[in-house]
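Residue numbers (this note's numbering), protein chains in the order written: chain A, 1 to 284; chain B, 1001 to 1262; chain C, 2001 to 2266.
Simulated from the structure, these hints should not be mistaken for laboratory data.
Fair warning: there could be bad hints in the mix.
Here are the computed distance ranges between Cβ atoms for each label pair [said to hold, decoys possible]:
{"hint": "1", "chain 1": "C", "residue 1": "2040", "chain 2": "A", "residue 2": "36", "range": "55 to 63 angstroms"}
{"hint": "2", "chain 1": "A", "residue 1": "71", "chain 2": "C", "residue 2": "2053", "range": "48 to 56 angstroms"}
{"hint": "3", "chain 1": "B", "residue 1": "1058", "chain 2": "C", "residue 2": "2091", "range": "36 to 44 angstroms"}
{"hint": "4", "chain 1": "A", "residue 1": "266", "chain 2": "C", "residue 2": "2040", "range": "29 to 37 angstroms"}
{"hint": "5", "chain 1": "A", "residue 1": "33", "chain 2": "C", "residue 2": "2051", "range": "52 to 60 angstroms"}
Cut-off 30 angstroms, straight-line C-alpha distance, at most; resulting in silico cross-link-like pairs (DSSO-like, lysine-lysine) [as the list claims (entries may be wrong)]:
{"hint": "6", "chain 1": "B", "residue 1": "1196", "chain 2": "B", "residue 2": "1131"}
{"hint": "7", "chain 1": "C", "residue 1": "2262", "chain 2": "A", "residue 2": "125"}
{"hint": "8", "chain 1": "A", "residue 1": "279", "chain 2": "C", "residue 2": "2262"}
{"hint": "9", "chain 1": "A", "residue 1": "279", "chain 2": "C", "residue 2": "2111"}
Just so you have them, the derived chain A footprint on chain B, three or more residues with Cβ under 8 angstroms [claimed, not checked]:
{"hint": "10", "region": "1098 to 1109"}
{"hint": "11", "region": "1125 to 1133"}
Here a beta-carbon is modelled for each residue, glycine too, at the ideal position from N, C-alpha and C.
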Amino acid sequence: MKDYFMSDVLVEQGGFLQGKEMKSRKIRINNPDNDRPINIFIGTAVILSIISIFMLNIDWIMLFSRVGELAGVFIELSQFNFTNFDLVAVAFMESVTVTLLATLYSLVGGLLMGAFMARNITPSKKLAGVLSSYNSFIRAVPTPIWVLLIIACLGFGPAPGIIGLSFHATAFFARAFSQAFEEVPQATIEALQATGANRIQIFFSAVLPASMTALIAWSAMRFEINFSESTILGMVGGGGIGYSIAASVTGYNFGRAGISILMVFVFAYCLEIMFTAIKRRMKA
Amino acid sequence: MSKPLIVEHLTKSYGPGSLAVDDVSFEVKQGEFVAIIGPSGAGKSTILRCINRMVEPSDGRILFEGNDISHVQGKKLRDARRRIGMIFQHYNLVYRLTVMQNVMHGRLGYMSTMDGILNRYKEEDKEKALKLLNKVGLLEYMYKRASELSGGQKQRVGIVRALMQEPSLLLCDEPIASLDPNSSKVIMDLIYELTKEWNISCIVNLHQVHVAKEYATRIIGIRQGKLVFDGPPSELTNVMIEEIYNTSMENLMINGEVRAVG
Amino acid sequence: MADKQKHLPLVDGGEKKMVTIAFFVMLALFTAATAYTQFNPFTILKEQSTFWNFITQDFLPPDIAKAKGLWSAMLQTLGMALAATFIASCLAFVFAFLGSGTTAPYPWLSKIIRAVGSFTRNIPALVWSFILVMAFGIGTSVGLIALTVETFGFLLRAFIETIDEVGSESLEALNACGADYFQKLAQCVIPAAIPGYISWFLYCIEVNIRSSTIVGMVGGGGVGLVLMIYIKSFKYHVAGAIILAIAAVVILVDLTTNWLRKRVLV
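Modelling step: build the complete structure from the supplied sequences, incorporating the hints.
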């Protein structure tokens, strides 16, 4: 606490204890030292955001004048067109399987890399540092860019999607998991070291069970992200339901675009409900 | 007003067949210090929360300062609540705010919406808060975040917040259940002295029988939602205690004190 | 007998059973998905040399000099991410009060708001941009709105959860003091929830920097569009430079948000 406050308090205290007039000064109730960082942050964020909005040069009048057309778009999208639905279904299945495989592969990769990256259990601090900066780089480049690069050299099909998504998701899991491992109390690890357990035993019998809740939460979160990413892939040149949406929209087949979007929504919504339920059960 | 609170046939049910409070009636005179005892889950907390309508009673009447408040809503309910202070087991402070900001919350019921939002508290109210903080020994903590205080200190903030409301009735829901014995004594002494000094009626939920006997001018015993005892501490015999807690005296004795483990 | 004693179960039976079931479900899904996609993980190893050749010969060295308009495009991408996150968080700030169980004045309204939120967040931003292009035509505004819409849904849920976590106990106390609805928001909910809000805001900035790059690739403008142009015209050295620039900016933003978390959220 700064002297400033202390002296303030004493002045007020002296004031009312001796019954002297002290109406000239207002008594402060907040502590500016507590509020300052947040106030500065919010102020700066608001100013930068408003500058950004102006910088983007958006024609707001045009935008608002066309809001009515948005309703028209939704009406067109909702007139579902089920001809050649099998093509949509195949594309959807491709997105789902790509999501699934990418999540499972990156789960394994992420666990392995996370174990080597976590500072409390890594066999080599140097290796941990190298892995950590490698993963920050991989994570910094958005997934669809990785997929585009892999498509450019491997050609089309589900494989570039799976590889590209796994690439990014592995880096994501590696960081998340290594943090979860690092949160395991040192005492737990030391207790097992004292019994003469080796690294692998310590990992499987102490670190992994202790961080299980966090691992499940991260995996669930990434599964949702992966599905959304795999949808996007089709729109930037990959396959799957995203391609079906993009192709239907550009081909003015709004009924099919509508059904494709609905499938994306329903699947993502079911995932959300499922994972929320799982998280709630784990907390209880 | 000699009887600021009259509770008539208070009943609360959560769904059919489960009565949390079953036809409880009692009166509290001005300046009385009433302790409600009973095993945990007996409905003590529900009774207390029905009085200021934090819980909606299913049946019965609550007369506060002569007005029936069992069905009032909106402004009238808030007007009644601002005259009823409440102290909680878990203190229920806004931990990111300073002690002073928390204490001043007690005045919100007396202010316009806008003044309350913009922290425009009256200077004389602030002075009063300083006096009360001084009294409970927290003056030097006034600009500390509530989260930085110990449990006993947090509860003292809770007491000052309740007293800032200028209540005629104080409801204390297990005020010392989360505190160590030393802090518990400080808190009970403070509640006792301040309510006496200001002639505030006080209802305290307790699960330590010996604390109830030490402070209360009257004790109410609750068992499975029913009122089974209402009288001065001197009439609370061991037989009566055994009936309230439905167990033998030996089970309630720890270190020579009667301490119902809730 | 003595041997069997050594295998005392360390975790309780129910949990062990769950783990076993989860493992077999994953295995089954893995097998089915692999069979469906015909994906052979060893293609990575087989095609590895092609990939690295492609990276080392086509992309490296990065040619940053030829990337015209890179930095102004980058600024636009950053601006879009910030603006979208800001607008979305302003909207979510208001609607979270109406949606959270602890502060909702009307339960029916809360249900509607939650439904809208789950609709907007479960459709990816890029899909939103396709829908919006149909109404507004191509332009920066579409990218901005698409990002805003998805972020709004996400932040709405995050803010509601924040209120639910910080709310009920201190709200009960303010209720008992006779505070009215807006006083309770200003004096209790907002001060308690602000750190949570800021933390989610920063998270969305991180996510939206990446998303706005992608939205840009399909016509939203910014650095994504510039990158797409160079990839489509096979100028991979320039594209490589742009990708490195994107990575650098994203890492910089992540470092900044991490620093802010430590400085602001005390």
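Hint numbers not upheld by this structure, sorted from lowest to highest: Going through the list in order, the structure violates no hint and respects every one.
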